[in-house]
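Asks: Keeping their order, the protein sequence lines are chains L and P.
Everything in the first sequence is counted per our numbering, starting at 1 for the first residue and increasing by one.
Everything in the second sequence is counted per our numbering, starting at 1 for the first residue and increasing by one.
Worth flagging that the hints you see were computed from the coordinates, not collected in a lab.
Everything numeric in this text was worked out from a predicted model, so none of it was measured.
For glycine and all other residues, C-beta sits at the position ideal for the given N, C-alpha and C.
Hints are not guaranteed to be accurate.
With beta-carbon atoms standing in for the labels, derived distance ranges [as the list claims (entries may be wrong)]: (1) Ala78(P) / Asp149(L): 30 to 36 angstroms; (2) Pro81(L) / Ser33(P): 42 to 48 angstroms; (3) Pro326(L) / Ser33(P): 37 to 43 angstroms; (4) Ala78(P) / Glu139(L): 15 to 21 angstroms; (5) Ala215(L) / Lys45(P): 32 to 38 angstroms; (6) Lys330(L) / Lys44(P): 50 to 56 angstroms; (7) Glu344(L) / Glu41(P): 35 to 41 angstroms; (8) Lys330(L) / Lys45(P): 19 to 25 angstroms; (9) Gln36(P) / Pro327(L): 32 to 38 angstroms; (10) Asp43(P) / Ala215(L): 35 to 41 angstroms; (11) Asp149(L) / Lys44(P): 28 to 34 angstroms; (12) Lys44(P) / Ile308(L): 23 to 29 angstroms; (13) Lys79(L) / Ser33(P): 42 to 48 angstroms; (14) Arg75(P) / Asn12(L): 35 to 41 angstroms.
Chain residues, written in single-letter form:
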Amino acid sequence: MADNLPETPLLNELEKGAWPSFVKEIKMAAKRSPMCQDLLGQLEQSYREKIGYWKHGGIVGVMGYGGGVIGRYSALPDKYPKVSHFHTMRINQPAGWYYTSKALRDICDIWEKRGSGLTNMHGSTGDIILLGTTTDQLEPTFEDLSKIDFDIGGSGSDLRTPSCCCGMSRCEWACYDTMALTYDLTMHYQDELHRPAFPYKFKFKMSGCPNDCVASIARADMSIIGTWRDDIQVDQDAVREYADKGLDITSDVVNNCPSKCMDWDGKELHIDNSFCVRCMHCINVMPKALRPGKDRGATILIGSKAPIIEGAFLSSVLFPFIKIEPPYSKIKDTVDKMWDVWCEEGKNRERIGEFIQRVGLGNFLEAIEIDPVPEMVAHPRENPYVFYEEYFEEGDDDEEEEES
Amino acid sequence: MAKSVEEIAEAMFNLVKEAGSQKKLKPMDLTKSMIQMFGDEVDKKICKEAIKQLINSGRCVYTYFGGSFIELPHREGAAND
Ligand code: SF4
Ligand code: SF4
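Can you build the whole structure from these sequences, using the hints too?
Replies: Now the structure itself:
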C-alpha cells in the first residue's frame, strides 16, 4: 500500500531535521490506513495553495452527549473521498496520564479499526485525541471504548476534561494529591462534562506546586496550584554541601529570589518566610537542601484563558490558601455558585474571566458570597481616582427615614 | 403545582421547534424561558432533567456553532454524503 502514497514534496520538507515529524508519522500510518493516504494528499494541496480544506461540523456526536466529538469534513470530498469525513474524538485521559501498555494497545487497536489510526497523545486540552473517523463509526468507537473503561471528554460550551500534573505519584514537590482531586471533580461533574450548559468552555487544571507543570495559571478558568503556608524546610548541611560542590548560592539562588527575602553568609541560609512568594526558584536549584513547608494546600485562582474573544488572561487569586482534602466541599460549593452566576448572566462565548472583567470582581465576589482579601489584587491600580462606596445593610434606609 | 419533567421537556421541545433555524437556543435560554412560563412550578434542577430527557430521547441534539446549542436533529450544511 506504501506505493499509493501521493507525491508530497512540500510535506517532505517537514521530515527533515532531528525532531519528530508528524508527516513521518502520517506516512507510516498510511501504509495501513487509506484515510491517511488521502490526508497526505489534501494536506499537500493545502500547503501548495495556502488554503485550509477542512469544513467544521457542528452536529456529529454520540447519543446523549453534547461534547467530545469535533466534526470535520473535507471541502474536496470528490478528490479525497477517504477523508470526506474526518471527525476528531476527545477521550478523557486518566489523571496524570498514566496507562498500562495494554490500555494503550487497546485504544490503538480500536482506533485502527474504527478510524484513521492517528492519535495525538495528548492534545493541549489534556485528552487523548483520536484523529479522523466517519460519522457512522462514532457510536461503535464509543461502545468499544466504553468496554475498556474509557469515556469521551469535553468540548464545546461544557466543562472540559479536568487535567493535572502527576502530583504525589511521582513528584516530591506536590503539596496536595492532584490526581485524586482531578478524578473526584471529573466524576462529580459528569453532567457538566457531557452536557454543555455554560456560556462557553470551563477548564480546571491542577498543579501540585507553584512550578505549575500543567500551566494552569495561563490555561484554566480555575487553576488549583499547590502551595504551603508555613516555612520552607531547610537542611543547612545540604546547603553547605551545594556550596562546597561549587554552587554560587549568592548569585544563583539568593540574587534570583523575586522577593529578595534570602540571605547567605557562607555558612547558613536565612529565609524571611513572611516575604516568600512561594515561587519555587530556590527549591528547584537546591532540591536536596530545600523543601516546601509541611502545612500544605493550594491557592485557587480564576479566569485565565488564551486569546479568542478578549486577549489572553492569567488567573488571579480567589483563595490564597485552602486545604485540599476530600470531599473537597469548599471547592465544589464555590464552583457551583460561580457557575450559577455565570450561566445566568454570562454572554454567549464569554469565558468566566471575561465575565468577571465585565461585571467587576467586587460584584462577582458578592454574588458568590466570598469576602475580598488583599491577595486578590492582581496588579497595581490603573485608575488614579479613588471611589468610596457606602454600603447599607438592609433596613438602614428605613431607620434613616424613621429618624428624619 | 410543580410541573413534571415530561411537561417541561414538551414545552422546551416546542420552543426549539418554533425557533427552527431562525434562532439558536442555549440550554440556559430554555431554562430561563421555562421559569418565565411556569414561574414557581419549575426550577433549574428539573429543567436540567428535562433537557437530559430531550437529548437522550433523540428529539433534540446538541450542536456547536461557536457555542453549544440545542436544536432539532437535522443534516448539517457542512456534511458530505
Ligand atoms: S507542578 Fe509541581 S508537583 Fe506537579 S509535577 Fe510539576 S513540580 Fe511536581
Ligand atoms: S520560594 Fe522563591 S520567593 Fe520564596 S524564598 Fe525561594 S526564591 Fe524566594
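Asks: Give a verdict on every hint.
Replies: A quick look at each hint next to the structure:
| no. | hint | verdict |
| --- | --- | --- |
| 1 | Ala78(P) / Asp149(L): 30 to 36 angstroms | holds (33 angstroms) |
| 2 | Pro81(L) / Ser33(P): 42 to 48 angstroms | holds (43 angstroms) |
| 3 | Pro326(L) / Ser33(P): 37 to 43 angstroms | holds (38 angstroms) |
| 4 | Ala78(P) / Glu139(L): 15 to 21 angstroms | holds (20 angstroms) |
| 5 | Ala215(L) / Lys45(P): 32 to 38 angstroms | holds (35 angstroms) |
| 6 | Lys330(L) / Lys44(P): 50 to 56 angstroms | violated (22 angstroms) |
| 7 | Glu344(L) / Glu41(P): 35 to 41 angstroms | violated (19 angstroms) |
| 8 | Lys330(L) / Lys45(P): 19 to 25 angstroms | holds (22 angstroms) |
| 9 | Gln36(P) / Pro327(L): 32 to 38 angstroms | holds (35 angstroms) |
| 10 | Asp43(P) / Ala215(L): 35 to 41 angstroms | holds (38 angstroms) |
| 11 | Asp149(L) / Lys44(P): 28 to 34 angstroms | holds (32 angstroms) |
| 12 | Lys44(P) / Ile308(L): 23 to 29 angstroms | holds (27 angstroms) |
| 13 | Lys79(L) / Ser33(P): 42 to 48 angstroms | holds (45 angstroms) |
| 14 | Arg75(P) / Asn12(L): 35 to 41 angstroms | holds (38 angstroms) |
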